[in-house]
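Enquirer: Listed in order, the protein sequences are those of chains A and B. Residue 66 in my numbering sits at position 66 of the first sequence; the count goes up by one each step and never skips. Residue 1309 in my numbering sits at position 309 of the second sequence; the count goes up by one each step and never skips.
Hints in this document: simulated from the structure, not taken from any laboratory. Don't take each hint at face value.
Unchecked claim - Label-pair restraints from in silico Cβ distances:
| no. | chain 1 | residue 1 | chain 2 | residue 2 | range |
| --- | --- | --- | --- | --- | --- |
| 1 | B | Thr-1100 | A | Arg-32 | 24 to 34 angstroms |
| 2 | B | Asp-1236 | A | Phe-116 | 22 to 32 angstroms |
| 3 | A | Lys-134 | B | Ala-1093 | 56 to 66 angstroms |
Unchecked claim - Partial selection, computed: residues in chain B whose CB lies under 7 angstroms from chain A:
| no. | residue |
| --- | --- |
| 4 | Ala-1034 |
| 5 | Pro-1244 |
| 6 | Val-1248 |
| 7 | Ala-1442 |
Backbone N, C-alpha and C fix where the C-beta goes; we use that ideal spot for every residue, glycine too.
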Amino acid sequence: VNWTRISSTAFDVTIWLYLGAMVLSFAHLAARRNTLWVLARVVTIAGAAANLVSIVARGMAADRVPWGNMFEYSTVLAFLVVVGTLVVVEGVAKIKTLTGFSLMFSVLTLAVAAMFFPVEPSPLQPALNSYWIKIHVVAAITGSSLFAIGGIATILFLLKDRSERRALAAGRQRAPVPIMGGAVEVDAPHDLLPDPEGAGGAPEPRRSGVLPSAAALDRVAYRVIAFAFPIWTFAVIAGAIWAQEAWGRYWGWDPKETWSFVTWTIFAGYLHARSTAGWKGRRAAVIAVAGFISLLITYYAVNLWIVGLHSYKNG
Amino acid sequence: MTTSPGLTLRQSVALVWRTLRSMRTALILLLMLAAAAVIGSLLPQIPNSPERVGRYLGDHGFWGPLFFRAGFFDVYGSWWFVLITVLLFVSLAACLFPRTRAMIRAIRQRPIHARELDGFRHHAEVRVGTGPDEAAVIAARYLRRKRFRVSRDGLGVAAEKGVLREVGSLLFHWAFFLLLLGVIVGKGTGFTGRAVVTEGETFVDALLNYAGEIRTGRYFGGDFTGVGLELLDFEDSYRRNGQPIDFVSRVRVLDREGRPTRTEEIRVNHPAEVGGLHVFQEGFGWAPVLDVSLDGRRLWSSPIEMARDDPPDDVPATAMPWRGAIKLTAPEPDVTITLELWPDLRAFANFQLTGEPTSMLVQFDPYIRYSVYVGEIVDPALSGVDTTGLHRVGRSDLHAAGTSTFRVPRSGELRLSFPELRQYSVLLVSRDIGIPVVLTAAILVLVGLIPSLYVSRRKVWIRAEAAPGGALVKIGGFSLQRKDAFEEEFDRIVRGIGGAEAVEVQPEEKVGTS
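Input sequences plus hints: build the corresponding full structure.
Expert: Here you go:
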């Protein structure tokens, strides 16, 4: 069996299916036809299946875990972002409108991988040849994909929040809107702490436009990031343990270490900002977007342009 | 808070303390730490790559010195990075002490009873068939079974759950102090050095043997172990396309007295532990064994550890020749021999014929070109060669197992033989007693983090009142986090306490839940 061939064919099929699913998802946003949503889901799941085939076949071709270089990492990242969105955002949070944007992220991830760092399946270099590649890298990809979903939701929150604020300002003369979850509880006892999960000062959800309410976007962003944060923490710790074993020190301010720390710090800041009066809502969201950008730098810039021990572009 | 000039010292201290305690300050310090790390990743750092710092300074005439003075080339050792870290930890401590005290108090204390239950966000009343006393007992038992901490006082019950959130959060934050301690103690009392050892030779753990390639902690006592590492054999293996498979040093460990104790295989990702030291495979190179004599007098007979030039762009490092030098101060005047080694003659031949660089992964008829210089050697200990003050008397070449003679004017006949080509291994030797502490701290960080994010704190109050035909049970509750999830839990509690035959008196009041 020519696994290399199967993997690369499945990769191409994945891109086209994701692209089609993305178009269908946006069409659903615009036209709000349920048929379009069903169609978009079918194509999304077909794309995810092709993506999975591409990953597994790659592993068979190289005879090792299929995340040994940037190309493979991107393939897995795209898969996890799509599947994570389907499971967490659509399944748990019941928000149907985010998937198109996640598909867009995955299509870009795959396209960048195909254009800038395609490599043939090959064995691992000695530094990567450790069982820690299963632990550290899996945690890093999972954390990254969830942070990416949280980042997408946060960007959409900022857009939606602005339009809601405008609508609110326009309709100020009408009856006052009830205050939402994030506000101070009238019945709370002495030791009240702000709820970090409450909608970040976002006003009353109004069913207008194509996106879900800002409050719902904000909540799903928080949930996903709070889910990703311990995974990312674990990835950094596992990376430190591996670095101790491979390079003789658990922390050496290598660019990848530095940027994963920066990403960690920014998201830690986000989680704290959520429970700090005056930092909720837009300010916290801006921190989360900074974390998302930092995540992209951690992955792309550090691997490609900043010289360090983690320059695994070619495996 | 006003900052009027009339503040007493005590008030100012209190003000600073209050500022440090605020989450805002901690947040800003955290983000400043991230910003500092960004600088450290964008500019070359002296501890990691001093030569790149030098190049940067040369290329940036204006910004270079400015950044240098600001400590941007050694961010993690700069006074401001230390200051941010210290302030962050002080701020953290200022925040954690009162929270810890409050948490201990909350755990010791029984849940506090509430007088008025109607005002809570979640509120319900059910009618049950039992008497009020029994209803309260049943409710308390039910909540205890649901793992609430329960305190019953006659007809009233107070219950709470989810203290683990705060416990986890405090554990997470305090663990960073342990982490800091482990880092400071480990790095402060330890060292990291680079041991270069050729096949057949022994490296002894002692300061001078690291030849300057060592970084010791501030509190390192200089107590080297004196254990020896005899390199029996180094092996590098490659695939056909030149991709490395593995690098392995087979080492015999010698105790202080030089007695062999055991052998170890040190390979990438598989360090060895030797007498409290960790030894890692870091690099390797070629070390030709050369015998040099001048007019029959033997002047040199040992391996020379060669270094490889940095390759130009698009040339694999393995295609580059290796360089080294022999400095002889015995003859008059001094003689310097610079060497250029091609471990694979085919690569040399190909380069001469076509100009194409070829990777040299195995030795194949190793070939040395050498030049001979005469003139005073300024620094015989230095590995590099500065030929500016020297006079070149000629060049020649040499094959493995071969001999070559060279006539040095006024000195005599120089005779070089090249009996064998060995490899040397670069081993990273480090001592860090803080590692178990750091690892423990990291585990505690994770263990604390999970409940601090996912557990929610909720409280439930119950009051049973006598009513015709049984009792009226009033239930109130609220949750500090995950309010929408608590709504369902509260409904379950109401059903659980009321039992199957209970009648809900009035629908629970929901105020602005989402």
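Enquirer: Each of the hints needs a verdict: does it hold here or not?
Expert: Here is how each hint holds up against the structure:
{"no.": "1", "hint": "B:Thr-1100 to A:Arg-32: 24 to 34 angstroms", "in the structure": "violated (52 angstroms)"}
{"no.": "2", "hint": "B:Asp-1236 to A:Phe-116: 22 to 32 angstroms", "in the structure": "holds (30 angstroms)"}
{"no.": "3", "hint": "A:Lys-134 to B:Ala-1093: 56 to 66 angstroms", "in the structure": "violated (38 angstroms)"}
{"no.": "4", "hint": "Ala-1034", "in the structure": "holds (4 angstroms)"}
{"no.": "5", "hint": "Pro-1244", "in the structure": "holds (6 angstroms)"}
{"no.": "6", "hint": "Val-1248", "in the structure": "violated (10 angstroms)"}
{"no.": "7", "hint": "Ala-1442", "in the structure": "holds (5 angstroms)"}
In summary, the structure is inconsistent with hints 1, 3, 6 from the numbered list given earlier, while agreeing with the others.
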